[in-house]
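**Q** With the hints as extra help, turn the sequences into a complete structure.
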Amino acid sequence: MRRLPVLSLAFLAVMAGIAVLADLIAPYGYDAQDMGAILQGPSSSHWFGTDAVGRDLMSRLFYGGRVSLLVGVLSSVSATLLGTFYGGLSGLMGRRADQFMMRFVDIFYSLPDMLICILLLVFMGRNIFGVFTALTLVNSVTVSRVIRGEVLKLRHELYVDAARATGLSLMRILTHHVLPNTWPTLVVTLTFRIPASIITESYLSFLGLGLAPPHASWGVLANEGWTSLRFHPHLILFPSLFLCLTVYSFNRLGDWLHRA
Amino acid sequence: MKAILVRLLLAIPVLWGVVTITFLMLRVTPGGPFDREKVLPPEIKRNVEAQYHLDKPLWAQYGLYVKGLLEGDLGPSYKYVGRDVSRIIADTFPISATLGFLAFAFSLSVGIATGIVSGLRAGKWEDHLISGLASVGFSVPSFVLAAFLVYILSHWLHLLPPALIGSWKHFIMPTLVLAAGPTAYIARLTRANVIDTAVKDYIRSARARGVAEWRVLLQYVIRNAVTPVVSYSGLVLAFLITGSFIVEHIFAVPGMGRFFVTAVTNRDYPLIMGVTCVLAVVIILGNLVVDITLALLDPRLRERT
Chain H
820 MRRLPVLSLA
830 FLAVMAGIAV
840 LADLIAPYGY
850 DAQDMGAILQ
860 GPSSSHWFGT
870 DAVGRDLMSR
880 LFYGGRVSLL
890 VGVLSSVSAT
900 LLGTFYGGLS
910 GLMGRRADQF
920 MMRFVDIFYS
930 LPDMLICILL
940 LVFMGRNIFG
950 VFTALTLVNS
960 VTVSRVIRGE
970 VLKLRHELYV
980 DAARATGLSL
990 MRILTHHVLP
1000 NTWPTLVVTL
1010 TFRIPASIIT
1020 ESYLSFLGLG
1030 LAPPHASWGV
1040 LANEGWTSLR
1050 FHPHLILFPS
1060 LFLCLTVYSF
1070 NRLGDWLHRA
Chain S
38 MKAILVRLLL
48 AIPVLWGVVT
58 ITFLMLRVTP
68 GGPFDREKVL
78 PPEIKRNVEA
88 QYHLDKPLWA
98 QYGLYVKGLL
108 EGDLGPSYKY
118 VGRDVSRIIA
128 DTFPISATLG
138 FLAFAFSLSV
148 GIATGIVSGL
158 RAGKWEDHLI
168 SGLASVGFSV
178 PSFVLAAFLV
188 YILSHWLHLL
198 PPALIGSWKH
208 FIMPTLVLAA
218 GPTAYIARLT
228 RANVIDTAVK
238 DYIRSARARG
248 VAEWRVLLQY
258 VIRNAVTPVV
268 SYSGLVLAFL
278 ITGSFIVEHI
288 FAVPGMGRFF
298 VTAVTNRDYP
308 LIMGVTCVLA
318 VVIILGNLVV
328 DITLALLDPR
338 LRERT
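Sequence lines, in order, name chains H and S. Every number in our numbering is 819 more than the matching position in the first sequence, counting from 1. Every number in our numbering is 37 more than the matching position in the second sequence, counting from 1.
Since the hints were derived computationally from the structure, they do not count as laboratory data. In this text, all values refer to a predicted model and were calculated from it rather than measured experimentally. It is possible that part of the hints are untrue.
[Stated by the list, open to error] Which chain H residues face chain S? A few, computed with CB under 8 Å, are given here:
| # | residue |
| --- | --- |
| 1 | Leu930 |
| 2 | Pro931 |
| 3 | Tyr1022 |
| 4 | Gly1027 |
[As the list claims (entries may be wrong)] Listed next, the stretches of chain H that the computed footprint assigns to chain S, with coverage defined by at least 3 CB atoms under 8 Å from CB atoms of chain S:
| # | region |
| --- | --- |
| 5 | 932-946 |
| 6 | 1009-1021 |
| 7 | 1048-1054 |
| 8 | 1057-1068 |
For glycine and all other residues, C-beta sits at the position ideal for the given N, C-alpha and C.
**A** Structure, rendered in structure tokens:
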């Protein structure tokens, strides 16, 4: 067993704190413009500099972190719930139903996540709810495959047969007898879904298909920074740094949980 | 041979499903493609809609679309007037395919090579270096890597062009950025496989029989460790398609991924549909090729399929 990734956990705690307390600790509003201070590099009044319309980058990063983390965590949690029940029931039910339910999942699994997300966003519009729903659906496909695999391993255990014999409903067998034995897998799956969602969200926003300005997520900020890369690299440097460190920390945490 | 035919037949309902779901989703979406520009006079709007069959009921539009699809006609683009979707795809697909192929070749060769080194030297400095790089490559989004490379190689050192497609130099950065994620992924898989295989009984008995060490590594360890990696090529393909959206956007590569993203912004539904269909076909065929390759590499799988 390896050492607990203390640094990663500490970093994630700081990020969570920033996301929750953004209103209190951000020096400026996320859309507060200061036309007198456009495209400045880092300074004492704007630690991370300002963007093309004079908004304070640090404040936008804090508020953006709130959006990125919230979307990433919430969509992963709901995807885990959805995928667990879908995959769990599919694994517990008979062969026929399982085949049918999984054929459906396989279609989505074979298509790239981004493609499905983009199509869903066209359908639902560019807003935080659309991004959340798209990420939830896409992630639940992965989760349901993992959980089904676990359930198939357990479905012929004696205690499952016993539960069946006592005439419990499938749902109750799933929640009370099967799932308690899969929860290590569940936690690991959830931990790896979060960084994946955060990255997908940032990609969507980077392409201009996710959230729309002036709202900020790290992807939106990176998109804004990309256009002025040549002369004002700080605008993409800081969002990238926050994004990469967060994703890396989540992955480290996931690796650790996986081995533990 | 029979198995291949069966797989191809099974692909038809999947494709049909993709086409139908995408079609319905796009048509039910509020906001037509001609709503956004200036308001058109009603009769002109009616003419435009008649031109694109938008005045017909939904099922008739669907019928027309599927009929066109079977004839290889993906319909006209809403945005690029006078250009067929089929034409646009025929123009852009080769560019994306070239880029994808380069990235695929890079990630497979570099990923497997570094994965083997790292697996054979597990715990040594080579392994730490490669595993470290791999987990960075896994966590860094492609636009971050792209920004880094463009800033250093183009803006600072003026070695490579920052965008567009022309000489071979234009392909270097897009290929690297596109390949980074898959390479890291393959390296990780290969490393794990090599470590697992190296302790198998048949390796020990090969050594006991006095088989030369290089032969043990090459013929027993590496061969058995690398074959399963091929089965992940299907996932790599999906990675590459996702990556192509981003990379072509970043480097202004006039490929299919970039047109797809613009089509989404423009609500150019026929183009969105067309690219989606082509991608679905690419994925299905790609997975088929992966399965055939696996069957060729691993005799155990031949009987089952």
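**Q** A separate judgement is required for each hint: does it hold in the structure or not?
**A** Hint check results:
1. A cut of 8 Å between beta carbons decides the hint on Leu930(H): the least distance to chain S is about 7 Å, and the hint holds.
2. Hint on Pro931(H) holds. Least Cβ distance to chain S is approximately 4 Å, under the 8 Å limit.
3. Of the supplied interface hints, the one on Tyr1022(H) holds, with its beta-carbon coming within about 6 Å of a beta-carbon of chain S, less than 8 Å.
4. Annotation: interface hint on Gly1027(H) holds; nearest CB of chain S at approximately 7 Å, less than 8 Å.
5. Restraint check on the region 932-946 of chain H versus chain S: 9 residues with Cβ-Cβ distances below 8 Å, three needed, restraint holds.
6. Look at the region 1009-1021 of chain H against chain S: 3 of its residues bring a Cβ nearer than 8 Å to a Cβ of that chain, three or more, so the hint holds.
7. Beta-carbon proximity to chain S at under 8 Å applies to 3 residues in the region 1048-1054 of chain H; the threshold of 3 is reached and the given coverage holds.
8. Residues of the region 1057-1068 of chain H with a Cβ under 8 Å from some Cβ of chain S number 5, which satisfies the need for three, so the listed coverage holds.
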